[in-house]
Amino acid sequence: MKCAQARRMFGAYWDDDSTQAEREWLESHFVGCAACRKEYEEYSRALEWVAALPRVEPAPDLVERTLSRARRAVPVADHMPAPGVQWVPVTAAAALLVVMATLISPWLGLGPGPRVASRSPERNAPEQLAPATPAPSTLAGGAPVPVPVAGAKSGSEPLASVPDSLFDHNEDVEFILDPVTLRRGRASLTRAPAGPRGERAVITF
Amino acid sequence: MARVAEEDERAFAEVVRRYQARLANLVARLLNDRECADDLTQEVFVRVYVHRRNYRRGSKLSTWLFTIAANLAKNEIRRRVRRRNWFSLDALQEVFRDSAMVLADSTEGRDRTLEREQLQQVVGSAIATVPEKYRVALVLRDIEGLAYEEIALVLGIPGGTVRSRINRARALLKRKLQPLLRREVAP
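Residue numbers (my numbering), protein chains in the order written: chain A, 1 to 205; chain B, 206 to 392.
Hints may be right or wrong, so weigh each one.
Said to hold, decoys possible - Each pair of labels, with its calculated beta carbon distance range:
1. A:Glu24 <-> B:Val255: 48 to 58 Å
2. B:Ala226 <-> A:Arg69: 38 to 48 Å
3. B:Arg388 <-> A:Arg69: 22 to 32 Å
4. A:Pro89 <-> B:Pro336: 33 to 43 Å
Everything labelled a hint here was simulated from the structure, so no lab data went into it.
Positions of the beta carbon are idealized from the N, C-alpha and C atoms, including for glycine.
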C-alpha cells in the first residue's frame, strides 16, 4: 500500500511539484524500501534520457522557404466569432421555425387538432354557396359566386371568394347543407327558400 | 504578431526565426522523423501567416504555435497509422537488440559517442511508440519543458488530464525502456 502510494508520487516529485510533507514522506520511504528506490532511479533515468535527446535543428533555408510559401498563400479574413454568442441566432431561428410551423400546420392539414379558419374583413357579408352543383351559382343580385369545388387552389383572391375546399374537408369537419345561418357561433335555422332542401346555405362568420 | 497581422513581412520572418527550432524539435520528436519535421514546421508557419488576422491579442504566441504544430503532428501520426507506415514493434525490438549489443560492448572500448547515439535512437523510437495522446503531453513537458498550465492550453484539456496523461506516458515509456534501464541501474 505504501509502495503504491509512493509510486503515484514519482511524477510530482520529479517535477518538483509535491509539497514539503510529501517530499519528506517519500524520501523517508526510499530509505526503508529498496524496491521503490530502484524504481524511482529507473524512472528518473528514463526521463533524463528523454531530456538529453539532442535538439533537432531546422534546415538552414527554412525561413526563406517558409516566406516564399507564405507569400503565395492567401490570407484568411478574420472570421472568429465572439465566444458565447452563437446560440442567440440559432435559438431565434429555431423559435421562428416552431412558430411558423404551428401557424401553418392547420392549413396544411398536418395536425389532428381542430381546424381554425382565419377571419376575413368580409366575414359579415352573407354569402351563398352552391351545395353540390358544379355550375357557378349567383347571388341574389346576380353576381357570380365561386362554387366550392374540392381540390380548388387558393390564389390571391379574398377569403370570402375562395372555395371552401381550402378548409380541409376531413371527417372531423361537417358541413351542414341545410339552410343554416351562423352568426357569431350561434346557429339558427332559417327558412329554406324554394327549391330542394339543402340547395343553398348561408354561412356567416 | 500585431505587425505580422498588418502585413509586415519582416516581422513574420522574425517570428519564423525565433520559433523554428522549437517547433522543428517538437515535430521531430512527436513523429520520430527528422525529414518530415521541416515540412511540418513550414506548414505551421504558413498556417500562422494565412490565419494571422485570427490571432487573439493577449494570448501567448508560443501557445498558438505549439497548438498548431501539435495538431498537425497528430494528423500526421494518424495518417501514418492508417497507412501502417510507421515504426513497427518488430523494428523497435530490433533497435533494442542492437542497442543492447552496443551497450554490452561498451566495456570493450566501443566508442562512447556511438553508444550515446544508439541510446538516443532507442529512446526516440520508444517515445514514438507511446500512444499519440500521451506522447504529445510527454514531449511538450519533458522535451519542450512547457508548464502544465500551458500544455493544458495547447491541448485544450483540463490541467488534471494533462497530469494524468503525462504520468501515463512516463510509465509507458519506462516500461518500453525497461531492458536498458535494468542494465543501467544496478540492483
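These are the hints, each one checked on the structure:
{"no.": "1", "hint": "A:Glu24 <-> B:Val255: 48 to 58 Å", "in the structure": "holds (53 Å)"}
{"no.": "2", "hint": "B:Ala226 <-> A:Arg69: 38 to 48 Å", "in the structure": "violated (19 Å)"}
{"no.": "3", "hint": "B:Arg388 <-> A:Arg69: 22 to 32 Å", "in the structure": "violated (46 Å)"}
{"no.": "4", "hint": "A:Pro89 <-> B:Pro336: 33 to 43 Å", "in the structure": "holds (40 Å)"}
In the structure shown, a violation is registered for the earlier hints numbered 2, 3, in ascending order.
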